[in-house]
Structure formats: structure tokens, C-alpha cells
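Student: Make the full structure from the sequences, and use the hints.
Now for the letters of each chain:
There are 2 protein chains.
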Amino acid sequence: MNNDIWLVAGIGAGVVSIAASLLYYAWVAGQDPGGEKAARIALWIREGASTYLKLLYTTLLVVAVILGLVIAVVFSGDSTRPLHGIFTALAFGFGSFCSALAGWLGMSIAVRANVRTATACSRSIGAGFTVAFKAGAVMGLAMVGVAVLGMSLIYLLWHDVEIILGFSFGASSLALLAKAGGGIFTKTADIAADLVGKVEIGIPEDDPRNPAVIADNVGDNVGDVAGMGADIFDSYVAATVAAMLLGASFAATGGAQYVVLPLILCILGIASSIIGLQFVKVGPDGKPGRALNFGTVFSCFVFAILATAFFGGVNWAAGTTVFNWGALIATVAGLGIGVLMGFTTDYFTNDEHNPVREVARVSGSGTGLTIITGFSYGLVSIAPAVVGIVAATLVSYFTAQAFGLPGIYGVGIAAVGMLSLTGIVVSNDAYGPIVDNAKGIAEMSGMDHEVVDRADVLDSAGNTAKAITKGFSISAAALTVLAMFAAYTEVIAKYSGGKGLLLDLQDPLVLSGILLGCIVPPLFSALLMLAVTKNAFAMIAEIRRQFAADPGILAGTSTPDYKTCVAIASSGALLALAFPAALAVLLPLAVGFILGPGGLGGFLGGSIFTGVVFALLMSNAGGLWDNAKKYIESGNCGGPGSEAHKAAVVGDTVGDPFKDTAGPSLNTLITVMSLVASLFAPIIARFHIF
Amino acid sequence: MNNDIWLVAGIGAGVVSIAASLLYYAWVAGQDPGGEKAARIALWIREGASTYLKLLYTTLLVVAVILGLVIAVVFSGDSTRPLHGIFTALAFGFGSFCSALAGWLGMSIAVRANVRTATACSRSIGAGFTVAFKAGAVMGLAMVGVAVLGMSLIYLLWHDVEIILGFSFGASSLALLAKAGGGIFTKTADIAADLVGKVEIGIPEDDPRNPAVIADNVGDNVGDVAGMGADIFDSYVAATVAAMLLGASFAATGGAQYVVLPLILCILGIASSIIGLQFVKVGPDGKPGRALNFGTVFSCFVFAILATAFFGGVNWAAGTTVFNWGALIATVAGLGIGVLMGFTTDYFTNDEHNPVREVARVSGSGTGLTIITGFSYGLVSIAPAVVGIVAATLVSYFTAQAFGLPGIYGVGIAAVGMLSLTGIVVSNDAYGPIVDNAKGIAEMSGMDHEVVDRADVLDSAGNTAKAITKGFSISAAALTVLAMFAAYTEVIAKYSGGKGLLLDLQDPLVLSGILLGCIVPPLFSALLMLAVTKNAFAMIAEIRRQFAADPGILAGTSTPDYKTCVAIASSGALLALAFPAALAVLLPLAVGFILGPGGLGGFLGGSIFTGVVFALLMSNAGGLWDNAKKYIESGNCGGPGSEAHKAAVVGDTVGDPFKDTAGPSLNTLITVMSLVASLFAPIIARFHIF
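Residue numbers (this note's numbering), protein chains in the order written: chain F, 41 to 730; chain B, 41 to 730.
No wet-lab data here; the hints were simulated from the structure.
Same chains, same label: a pair holds when it works inside one copy or across any pair of copies.
Simulated pairs of lysine-lysine, DSS-like, Cα-Cα distance not exceeding 27 Å:
no. : residue 1 : residue 2
1   : Lys686    : Lys670
2   : Lys238    : Lys686
3   : Lys686    : Lys574
4   : Lys603    : Lys94
As the structure is a prediction and not an experimental result, all values here were calculated from the model.
Tutor: Structure, rendered in C-alpha cells:
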């Protein structure tokens, strides 16, 4: 059987997924955009988002052209493959473009769906839910569609996994800018709007008199839609490419099936997501949270059935060595543990369980205790997630081995399995900021109390979905980079004249690499959080200036200059990124050229170790503080306005950059560093000092 | 030349050091104990400390007897060495005893020196300084004395490094209880005293009407004298034993000189410390901080000169392969980088530099920013320290190799070099809580304003000394556990029938071990911090009960029941330790018996990686918040009572368990786990599941 048929199938699945995404887009865009006042606010948010996106994509274009030229030149040195550099650079550009396209589609519908969701809420919760959820699905399906289409097309053209590595690196470069930049943007606006609005002047949240209020609402979109989308796109592509790269190194013994299996799993995932999406429904006054979770779990079962049918069918028809039960078990184990991890995160951040309630309880005795207790539970939350990652690694490794496949290939396949449902997971995730915005618009445009309440119900469900997605995406990223790490060593081995790469902890270069790698995630997190504080102060100065220059703003007779605040957040975020983003690309190269392939291997390992630990700590502690505040606001432990509430608000302010800026950017950081290492491995294998 | 001569010299140096310690003890005890009121307060503190110590040593005795029996039984299985188990158990008991003895001496003089320092301050700053500093030296010299005496004696008796491993494990077991228990005790009392006293009732700090005030002062002693002392004792012994173990594995080629060199470096360190101590002097109104730093730096030079003279002399007299210039350079590099690391810590925690000032500045805009900014600088502070550890590792490894010694032995020697000045470093450190207590006693007993001010000058110098010691001790612990880690692999190799142990990052068992190891330090930190919060609530209830039961306490007519508060802090701390301490011993065994020697090696590695990262983060962020608060209190950024000050107080409350409970306990945790692994390596090498 010619394996190219699977590549053609991949292109087909991509096209179907994109088509489904566009159908949802058309449906959502056709909904009632609501009254004049709501539409005007939505327009401001849309224009703000567009300002930021233009700047982001311009920055990306500059970065991509520079990196593309570097790649084209550096990889043209091999006389046996004179065009390899050009092809890799093209794949790199195409990867950036695909990621940007999916992000742009998602943003474009999100800033239209928010007002339409608010308007639909005037009918029922179920109506509002459908608009928001279908808008989320636009992003989810577009992403998996362009990813699978892109990877299949490139492999079909060149049959060279190293060129697909360029595609993945392109997606990652955008992800780093979009995720970390969006994270800085959103928290800059959030903190500045709160500090001047709520604390200094005493106007409520989401008050249209606040010049930063539009920037704050734009922030939800750029951080949680564009940023998170680019991040998961990046993990999704990286996991698939890592498994393909590992597969290629075993292709000599097992045939090209090793290389195409990851793409086949993606196709099955797209099918499962599309089927699962059809079953997510909420009655007029139903429970949106349960519907979202049901969709995810149901898609898992669909995937398990489709995968079993596929492996069974192929084996019955042709009998293959690669598509065997070991690969199936590894895939399903990865997926199952991924979902389990998502629900574990929920334990630490849901107010029905002990951690959130305990933090709310101690808050009455002082802000210090809120921080210490929340941080401590964040530290504890690392343990179960890492145990899950270890379980997924060991199960997939030894199962694959037991069925005659290379163990490490099993780990790669488990990562792809974990991410196979990206379509529906991203749909759920993008739903969150849309309903958050809908609630803001309903409040700002003075809709009925009942409508605001319905939007609030939708919003709470969004928070839980977001927490689960985060737990899921960190675990998936960890497994992905473990596979990418193995792929790196295979590339090094290939270019070191057959000598394998040994990464012995007792080798001082490897050990030094690990220790250096360990400091990068904390350093990167710190740089992002310090950037938030710095930009927030710049925006605070601008808000104060506007209030002073035109007293009509506070009186409600003049419209504030929203655009300047959006511009400050946009340019501040991307400027602040220059140094940390350069670190992400240059540090692995510096370590590689100085300490050699072993040192760089250690460096990647070290960055994975502390990257996973800090990502879990920050995301979970942040989510926990957020929900402890909400728990108190709903009348517990003294309720709104109490000392406990004040303490919990501080906890939430600390948690915001933890969970929305630093924590989730670490995934992208470690993926980018792993990709840089793998991409440049052929050169580092030849040139290094130690 | 018979190498036993060096062991006899070690015993001699130990005796000299202990004798010097006792001379200082007698001198300090002979100073004026001051007026009746001050003496009464000092007596309460002394009694409180004694209550805690009795409970600590009783707990230790129970733990030591159980562990001793386990060791005696487990290691008696080898028919070629029937008494090996008994000997190891004896060494283990002796190690605990030595550490306890040094801690008891240090505490015993500290609770006498506090009131004598306060009294001497009525004469001059210089007079107060001399009393406090000499009292600190009692602890410093006693510690290095009993350590070197113990190690030399045991090696002289049995000439078996594996038995000395028992000694080291004994010291570590006490250290874990003393350091983590003391850390929980001190912050329980501190938080409870502040929350009820300052916040609820509105009485000042160190007010004798507060039932928790004595517990708070006892806490300074048990945390910073007994705890920190046991911790550094543990690192000091572990570093020496690790280098001896490594030496033993090369002894076949290089002779026993490999084994005794670490002890010789300890002897040179004792001599340098004693000489250095003589040069620490402060004029009547001089600068105590400068004097402390001068003593440390001066001792470094003395050590460098003595070591050069020794290596030169021995080579001139006999010509040896081990005592060569490579070993000298590795030693001095370790020491130099250790001191440099101490001063780097100072940058992040001293109010003369940007981080502390920036945190103080943003505090005016909200507590959230205080926490985020301080935490971010804590994250940044990890980087230079780890780069230093990497530099020390690479320099010592490759220098040793260039001079024909095994590279890893160079790393072991560098760790010993870094810790060689433990005598004077501990002296400086123990000085801190003594002057802190002196200030408290001066205030509580109503001494002159001038006397309190002088005590305050001494106290500020103590804080800087403490910050430097912490930076120093974390770096030293990191290098120590790296050496201990290498020692573990040597023991495994020895008992695996000559097969070396390969710790390849690509091996799924090793990788799983690393990931599991990574979660232990954060989990351990969280358990300790949650214990602090829980115990503080118990003590708060007791304080409120006392105020309610006897209104005379607040009126100042009755004396509060200080003892019950001390008892709550004591038993609470040790009870809370049971689970985390058991984890520290049982987790390495569980991982070893399940995942095997490779998995356990990875586990140790992982715990070192995140252990170092979190220890640096928590210690430095905690120190930074503490000093940002003090910076504001001295009139900057709004001064005392401002919004900035309130925010900074919250920062300090968060920082307290970071820097005094969780952060510094991690050193001991990773040392204990490394020692458990090395001690049980012969058994794990034979019995494991994977």
C-alpha cells in the first residue's frame, strides 16, 4: 500500500475541517448583532483587536523574514541538497502563515460573536451558549484543519521530515509572540484598568468611562483566543512532527508507516472532534459547564472507537507491523491520561473542593495567608500532574516495546494521542473569552439584569473549561517536548556519523546544560511579569492624563480615547517581548555551540523539568486565587466587601499574571527551544567548542 | 608516609576547635547578665528554648533508635562483614549525637549571650558586638570541631568510608528535624504573635503582654541558631564524606591520599577560621557589617595561603600524585565562587540596589504589585547563582582532569573547599539571632533609647550576614549534593559487579525518576508552609483564650502563660514534620526499589534541580520583601503607616515562611535523600523491580 494515500487523506481531512469552520463562521456572523449601543461597544473592541493583530502580524513578518533568511542561508551549505535551505525556509514561512491564519479567523469571529452571544442571551441561556460555542468551534476546527493540511502537503511534496520541522518552527515562532505578547497585553490592561478605575476613582469594572476598558476587553481576546490558540496549534504541530521525526529514524526497519501514523491519528482526531461538536447542546436553561465536559469526554470515546476500528481494519486488510495494538494502546493511554490531568487541575481550582475553600477561609485572617496558602496548594498541584506525565511516559514506552515498536516512538504517539482532540478542546477554550466579553458588553450597554445574569452563567462555565484546558495543554506540552527531545537526539545521532548521543547525568557538560536549562523558565516568567508591571504603569499614567485633560469623560459626556490605551498595551507587549523571545532562540544556540550536543540535550531537559513545574504551579495557583475570590463574592466567608474579600482580590491580582501571562507561555518557550535545537542539530553536531 | 597521621591531625584539630569554642563560651558566660528585669525575660526565653530542645532531642532519640535498628539489621546481611551493620548504626548514632551536641552548645550560649549583648550595648556598639560575635563563634567552632573529630575518629577506627556515610546520615536526620522543625516553630510564633498582637489588639511588636512574644523570641533561636547550625553541619559533613567516598573509589590507583585530602582541607579550614576570628573587631562606634564581611574575606585569603603552603610543602617533602596543583585550584575555585555567590545574593536583598527599591516603589500602587514584583526578582535571582554553580562544577572538573585527577573528584573537592570556612560562616550567622534577641530584650525590659538604637545597628548587620550565609549555603549544598550524587553512582557501580551506572536522560526509567524527583522539593515546601498556617491558627486561638480568661494580661498586671504558646509551637512543629520527614526517607527507597538504581539516580538529580531553584527563589524573594519593608520603614516611599508600608508588610508575611521555613529546609531535604540513596545503594543495586 502506498503511504501517500494517507497524506492525501490528511489534505482531505484538513479541507473538510476548514470547510466546517467556515460554515460555523457564516452561521455565527448571520446572528442578530443586537442594538445600536451594544454594537458600538463591540465595534470598539473589534477595532482594538485589529490594531493589536496588525502590529502582531507586522512584527511576525519582520521576524519571519529574518529567521527565514537565516534558515535559507544556514541550511544551504549541504551540496547534496542544495535547495534544502530554501525549502525549509518556505516551510517555516508557511507554518507561521497557517498559525496566523487560524488565529486571525478565530479572533475575527470572536469579536463578532461576543455581541451576538449577549443578544442571544436575551432569548435564553441555551441560545447564548450555541452562538458562543459555535464561534469557539470556528477557531478549533480552523486550527486543526490548517495544521493537518499543511503538514500533509509539505510531506507529500518533499517526503523529508526535516523540512516539516521548519513548518513547526514557523508555527512556534508565532506562538511565542502571540501567547506571551497576548499575555502581557491582557494583564497590562486589566491591572491598569482596575488600579485607576476601581481603586483610585471608584467606578465599577467594565465601566465605559474608563479609557482602559476597551483595552481590557480586547485583552481577553488577544490573550485567550489568539494567544491560547497559537499555543495549542504549536503543541499540536510539534507533537505530530516530533512523532514523525522519531518515526523517520526507524523507517529503515519499519517502513514509512512510522512516519504517517501520527498524521493518521490527527485525521481520526478531526473526525472525532467534528462528531463530538454535534453533541454539545444546552437546553433553554440548562447547564453549559456539563455540556462542555460532556463534549470532550464523548469525543474521547468516539476517538477510541474510530482508532480501534482503524487499527483493526488496516490489520485485517493488509497486516502491518506499525499499526498494531501497541501503538493503539499508547495513543489511547496518552489521550486518557491527558483528559484525567485536565480534571485533576479542576480539583485544585474548583470551589467545590478543599483548596479553594481553604484559601477563602484563611483570607479572613490576612492577605499574607491568602498568598501563602494559595501558593502552597499551587506547589502541591504539581505532583499529581507530573505523576500523570510519568505514567503516560512509562505506559506508552513499555507497551510500544512489548509490541515490537521502539519505546520512544510510543511516547511520541502518546503525545499525539493526547493532542488528537485539539479541535474540540480549543473550541471549548475559545468559548471562554467570548462569553466573558459578552458579559462585559451586556453590562456596558445596559442590557436587562436577567440577560447579564444569563451571560454570567455562561461565563462561569467558561472558567472551568479554561482550567481543564490548561491542565490538559500543559501535560500535552510536556509529553510533546519529551518526544521532541528524543527527536533532537535522533537528529544529532544521524549527523554525528552514526555515533548515538549519550546524555549521561554524570557528564559535567550534560549536567551543566541541565542546570542552565533549569533557570530559563523562571527567568522567562520573571521577564514577562516585570513587563506587565512596567506597561501597567505606563497605561496608568495615560488614564490619569485623560481624566485630567477632559473632565467630561468621568461625567459621561465625552467618550474616552480608547485607542491610545490599546496602542500602549499593543506596542508595550511586543517591545517587552524582544529580549525574552531572543533568549528563547539564542540561548539554545549558544549552549549548543559552546557545550556541544550533550550540553544542549541537557539544556533542553533542564528547561522541560522546571518549565513543567512552573507552568503547573503558576496556572493552578492563579486559577485557585481567581476562584477563591469568586467564592467569597458569591457570599461565603464574609462575602463581598469583607476583609476576606479584600485579601482575595490581592490574591487574584497576583494570580492574573501567573495564570494568564507567565504560566501558559512556558509551554511555548520550551517548544520553541526544542525546535531550535532540533532544527540546528545538524550544524551543532559538527561545530561546537567543548 | 602513613596517611593515618592526617587522621590523628584531624582529631587534634577537632579538639583544638572544641577547646577554642569552650574558651569563648566561658568568656561570654562571664559577662554582665544585666539588670533584674532583663534577666527575667532572658530566663523565659531560655526556658522556652529548653522546652523545645528537650522535645526535639527526645523525638530525635526515638527516630535515631528506630533508624539505627533498621540500619543494623539491613546491613548485617553481608557474611563477609558481619559487624558492618552494627558499626554503621553506631556511626549513625554518633553523627546525630555530634550534631545535637554542637547545636545544644550553640543554643545554650545564644540564650545567655542575648541579654549580655543588650547589657554590653549600654557601654558601646563595639562592646555589644564582641559579646554577640564571640557567642556566635562558640557555635561555629564547636560545629566544625565535633564534625572533623567525629569523621577522623571513625575513619581511623574502621578505614571504611561506607561507615562514615552512617555518620553523615545521622547528622542529616537531625538536621532535617532541627531545620524544618525550627522553621515551622519560628514562623508559627511570628505570624500568630503579629496577627493577634499587632493587627487585632494593636499592641507593638515584642510587647511582654503578648502571650506569644516569648515563643517568637525562642523561635529566632531554634530556627536560626539550632536549625541553621544543624543544616550547615549537615552540608559540611556530607560534602566531606562525599569527597571521601569518591576518593575511595579511586584509591586503588592513587592511594589513600584521595580519601584523606578532604579531611586535610577541613583541618586547614579550621585553622583559617580560628585565625580569621581574631581579626573581627569593631571600634566603640564602628561598623559591624563591614567587620563581619572582612572576617570572611580575610579567612579566605588565610585559607588560600595555608592551602598553597601545604600543597607546596607536601610535594616538596614527598612528591604526591593527589595533593597536586589541580586539587588546589579546584579547592580555591570552590571557595572563591562560594563567597562570590554570597555577595550575589546580597544584590537581590540589599536595599542599596535596584530590586528592593523597585519593590518598595511599586508597593504604593497595591499589594498585588509588591508580591508580583518581589516574586519576579526572586525568579531572576536564581540565574546568577546557578551560573556560579555551573562555573564551579566545570572549572573544578576540568582543572582536576588536566592535572591527572578524576574530574568528578575535583567537583567533590570544590564542594569541600566551598565549605571549608564553615567555622567562621556559622559564627557570622549565629550572630544574627543573638543580636535580634538582644534588641527584643532591650525593648521589652525598657532599656535606654540609646541602647536600643545600638542593638538595632548590630541587628541590621546581622541581616546582611544572614543573607550572605544563605546564598553561600545553598550554593555549597548544591555542589555537595552533586558530589554526593556522583558518590551514589560509584557505590552502585561497585555493587553491580563492575558494571558502571549509566544515567541516560533518554532512558525512560531515568527520565521518570527525574520528573518524580522534581516534584519533591515543591511538595515538601508546600507541606511545611501549610503546617505553619495550621499551627499559627492553633496558637491564635490560645492567645485569644488567654486574653479573654484574664483581662489582667492586657492591663499589664498579670503575666501571660508564655509556656503554653511555646508548647503549642514545639509540638505542632514536630508533629507536622512527621509526614514530610517520612517522605524524605521513604520516597528515595520506594523509587529505588521500584524504578531501580537508574530511576533513583534520576530521582536524586531531579530533586537537586528543583531543590536548588526553589531554595534560591524562596530565600531571596523572602529576604527581598523583608528588606523592602525595612526600607519603607526607614522613611522611603511614604514611610511607616503609608499604603506602601501596608503592602510591604504583606510581602514580608509571605516572605517569612519562604525564607525561614521552606527555602532553607530544601538543602537538608536533598542532602537527606542523597544520603539515603547512597547508604542503601548496595541493597538497591541487588533488589529492584524494573
